[in-house]
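My request is simple: use the sequences and hints to build the entire structure.
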Amino acid sequence: MIKVYNTKTRSKVDFETLERGRVAMYVCGPTVYNYIHIGNARTFISFDIIRRYLSWRGFTVTFVQNVTDVDDKIIKKAAEEGRSAAEVAAEYTEAFITDMRAAHVLDPDIRPKATEEIPEMIELVQQLIDGGHAYEVEGDVYFAVRSFENYGKLSGRKIDEMESGHRDLRSAGLEDRKRDPLDFAVWKAAKPGEPSWESPWGAGRPGWHIECSAMSKKYLGTPIDIHGGGADLVFPHHENEIAQSEAACGCTFANYWIHSGMLQINSEKMSKSLGNFLLLRDVLKTTRPEVLRMLMLQTHYRSPLDFSEERLAESAAALSRIANTVKNLEWLESNARDIPSPLDIRGLLTQIRETRNEFIFAMDDDFNTAGALGVIFAFVGDLNAMVADKTLSISDCPFICQARELLGELMGVFGIDLEEECGEASYPAEVVDLAHKVAGYAGTDAAQAVEMLLVCRTEARANKDWALADRVRDGLAALNLVVEDTPQGPRVSL
RNA sequence: GGCGACGUGGCCAAGUGGUAAGGCAGAGGCCUGCAAAGCCUUCAUCCCCAGUUCGAAUCUGGGCGUCGCCUCCA
67 MIKVYNTKTR SKVDFETLER GRVAMYVCGP TVYNYIHIGN ARTFISFDII
117 RRYLSWRGFT VTFVQNVTDV DDKIIKKAAE EGRSAAEVAA EYTEAFITDM
167 RAAHVLDPDI RPKATEEIPE MIELVQQLID GGHAYEVEGD VYFAVRSFEN
217 YGKLSGRKID EMESGHRDLR SAGLEDRKRD PLDFAVWKAA KPGEPSWESP
267 WGAGRPGWHI ECSAMSKKYL GTPIDIHGGG ADLVFPHHEN EIAQSEAACG
317 CTFANYWIHS GMLQINSEKM SKSLGNFLLL RDVLKTTRPE VLRMLMLQTH
367 YRSPLDFSEE RLAESAAALS RIANTVKNLE WLESNARDIP SPLDIRGLLT
417 QIRETRNEFI FAMDDDFNTA GALGVIFAFV GDLNAMVADK TLSISDCPFI
467 CQARELLGEL MGVFGIDLEE ECGEASYPAE VVDLAHKVAG YAGTDAAQAV
517 EMLLVCRTEA RANKDWALAD RVRDGLAALN LVVEDTPQGP RVSL
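Going by this note's numbering, the residue at position 287 of the first sequence is 353; the numbering climbs one at a time, nothing skipped.
Since the hints were derived computationally from the structure, they do not count as laboratory data.
For each residue, glycine too, the CB sits at the ideal point set by N, CA and C.
One or more hints might be untrue.
[Said to hold, decoys possible] Simulated pairs of lysine to any residue, SDA-like, Cα-Cα distance not exceeding 20 Å:
#1 Lys456 x Arg557
#2 Lys456 x Asp404
#3 Lys393 x Leu520
#4 Lys69 x Ala297
#5 Lys244 x Asp226
[Claimed, not checked] Just the calculated beta-carbon pair ranges, DEER-fashion:
#6 Gln468 x Ala383: 19 to 29 Å
#7 Gly447 x Thr318: 44 to 54 Å
#8 Gly148 x Gly124: 48 to 58 Å
#9 Asn332 x Ala269: 41 to 51 Å
#10 Arg86 x Gly259: 50 to 60 Å
#11 Glu182 x Lys335: 25 to 35 Å
#12 Glu396 x Asp531: 22 to 32 Å
#13 Trp263 x Asn546: 52 to 62 Å
#14 Ala508 x Thr416: 48 to 58 Å
#15 Thr552 x Thr416: 21 to 31 Å
#16 Glu215 x Arg377: 36 to 46 Å
#17 Pro408 x Pro494: 30 to 40 Å
In structure tokens form, the structure reads like this:
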């Protein structure tokens with residue numbers, strides 16, 4: 067049984083879907099007024115892993131993630147840059163999709179844009195007005211917080227306490243038009259030059275919170291299984307979504323509320339004023355997505371995560387430990403001989419089975435990726451010890467292959483493709499020149515040239531001509547090809 | 001001020017009341033011409049105090065400390 071931490075109940079609970087074997091899941095997407103940053107990426111990668119895991123466990127997952135493409139911040143940005151809000155939104159929506167794919171986040175099944183769902187939002191607002199939960203003031207429509215008795219339940223707040231803590235709310239003149247200072251806009255009257263749509267209350271645009279309510283309802287119905295987002299959305303965004311949606315439909319909006327922890331940079335909150343604002347696309351210029359994901363996997367998704375160059379380097383080293391094992395196993399398989407098996411195959415099969423079970427055990431416990439990674443590393447260590455300094459028997463290969471495939475499968479659940487990590491070395495054309503210079507190679511085929519160089523080096527080593535041997539190795543190293551001497555002979559890899 | 005989270009070895013980090021996974025880094029050894037990779041060995045009693053318990057990192061209370069949210073924020 068999968069357990070998840072539900073923000074609504076502040077406890078870990080059994081995960082039971084509304085419909086057997088199916089999961090309806092909605093995760094709040096970004097407001098597209100800039101490139102997404104590394105903190106956004108943390109949230110989206112966390113939910114990507116949750117989604118992948120649920121699918122791997124056999125659920126049919128319908129994953130919806132919106133794009134908020136109409137909002138104050140977009141309008142502000144557009145004004146600053148002297149272009150239309152639609153242009154700004156289109157540019158950053160495109161960039162968002164590009165960045166997500168670059169981070170190996172799977173596309174959602176449905177990616178609705180707020181601007182394309184306005185009729186549904188208007189309908190929802192109307193329902194709220196009809197039901198006495200919202201009221202119009204000069205083209206604005208506000209949700210009446212006190213009309214919804216559960217307001218504050220998700221975030222654990224009480225309306226009266228919130229108000230007493232917020233004297234400054236009243237000082238803003240605009241607030242006078244609201245019946246209660248905590249009431250929030252579900253529809254905003256258009257100001258000159260702003261994007262707007264016709265509505266029963268005049269030209270205007272939807273409030274942020276109503277967008278998600280309407281899109282979730284339209285594409286997944288009510289209630290849904292999982293509604294997710296960053297922890298900073300708990301209040302007010304998700305609180306308001308619940309109020310609107312449940313006030314309108316009279317039923318539960320979402321059964322499980324899952325929130326991912328905040329990302330910090332060098333132990334500080336990421337903010338523009340601190341100058342430590344990192345864009346995902348900039349990080350990915352120097353870091354492979356697998357390494358970034360590896361970093362995130364090592365911390366539970368609900369804990370704060372500290373991001374730094376040092377941790378990135380550690381993650382790269384950790385990932386290569388797994389990749390090296392896979393590479394080594396592949397190498398041993400391709401050099402297997404017709405000899406008696408040096409391995410304890412029965413023990414290996416037991417370990418394969420137990421690793422899978424323990425991985426599931428960890429992940430079922432509120433998606434404990436760090437624990438699951440521990441299981442993987444334990445398996446890696448055992449495999450390494452098992453084959454250390456051994457030459458495999460041909461009869462071992464199917465079993466070693468199984469172990470290798472398990473590693474690939476489990477890392478795949480994390481969105482990390484080990485095949486890619488262990489990809490075949492692609493030889494640069496320069497190896498031909500090197501082979502020509504060092505070994506007198508006359509052809510033009512890169513693979514042949516490398517082969518030639520290795521033969522040349524092996525001979526040199528046999529003759530104790532270390533200078534020549536190292537010249538070959540260094541020459542290949544300069545082309546990013548690593549030569550390693552194994553008991554089975556030399557091996558070249560990237 | 002209100003709400004909440006957290007404090008585990010040099011760093012990161014998991015941990016379901018029964019005597020502390022894992023990764024990175026370090027030390028010693030093996031293997032190697034030297035490397036690389038890998039193997040072996042080694043490296044903590046879990047912020048402090050009190051309590052519950054046969055037994056607590058895990059439960060309770062208090063203290064200290066860090067952080068987040070309360071305004072747009074993933």
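Each hint tested on the structure:
1. This hinted pair checks out: lysine 456 and arginine 557 have alpha carbons roughly 16 Å apart, not beyond 20 Å.
2. Restraint check: the Cα-Cα separation between lysine 456 and aspartate 404 comes to about 13 Å, which is no more than 20 Å; the hinted pair holds.
3. Between lysine 393 and leucine 520 the CA atoms are separated by roughly 19 Å; this keeps the pair inside 20 Å, and the hint holds.
4. With a CA separation close to 19 Å, the supplied pair lysine 69 and alanine 297 stays within the 20 Å bound.
5. Of the pairs offered as hints, the one joining lysine 244 and aspartate 226 holds, with about 16 Å between alpha carbons and a cut-off of 20 Å not exceeded.
6. The given range of 19 to 29 Å is respected by glutamine 468 and alanine 383, whose C-beta atoms sit roughly 27 Å from each other.
7. For the pair glycine 447 and threonine 318, the supplied restraint of 44 to 54 Å holds, since their beta-carbon distance comes to about 46 Å.
8. At roughly 52 Å, the beta-carbon separation of glycine 148 and glycine 124 lies within the given 48 to 58 Å, and the hint holds.
9. Look at asparagine 332 against alanine 269: about 46 Å separates their beta carbons, and that is inside 41 to 51 Å.
10. For arginine 86 and glycine 259, the Cβ-Cβ distance of about 51 Å falls inside the hinted range of 50 to 60 Å, so the restraint holds.
11. At about 34 Å, the CB distance of glutamate 182 to lysine 335 agrees with the hint of 25 to 35 Å.
12. Between glutamate 396 and aspartate 531, the C-beta spacing of about 30 Å keeps the proposed range 22 to 32 Å intact.
13. At about 55 Å, the CB distance of tryptophan 263 to asparagine 546 agrees with the hint of 52 to 62 Å.
14. A hinted range of 48 to 58 Å holds for the C-beta pair alanine 508 and threonine 416, which are about 53 Å apart.
15. With their beta carbons about 27 Å apart, threonine 552 and threonine 416 fall inside the hinted range of 21 to 31 Å.
16. Taken as a hint, the range 36 to 46 Å holds for the pair glutamate 215 and arginine 377, whose Cβ atoms sit roughly 45 Å apart.
17. Evaluation of the 30 to 40 Å hint for proline 408 and proline 494 yields a pass: the beta carbon distance comes to about 37 Å.
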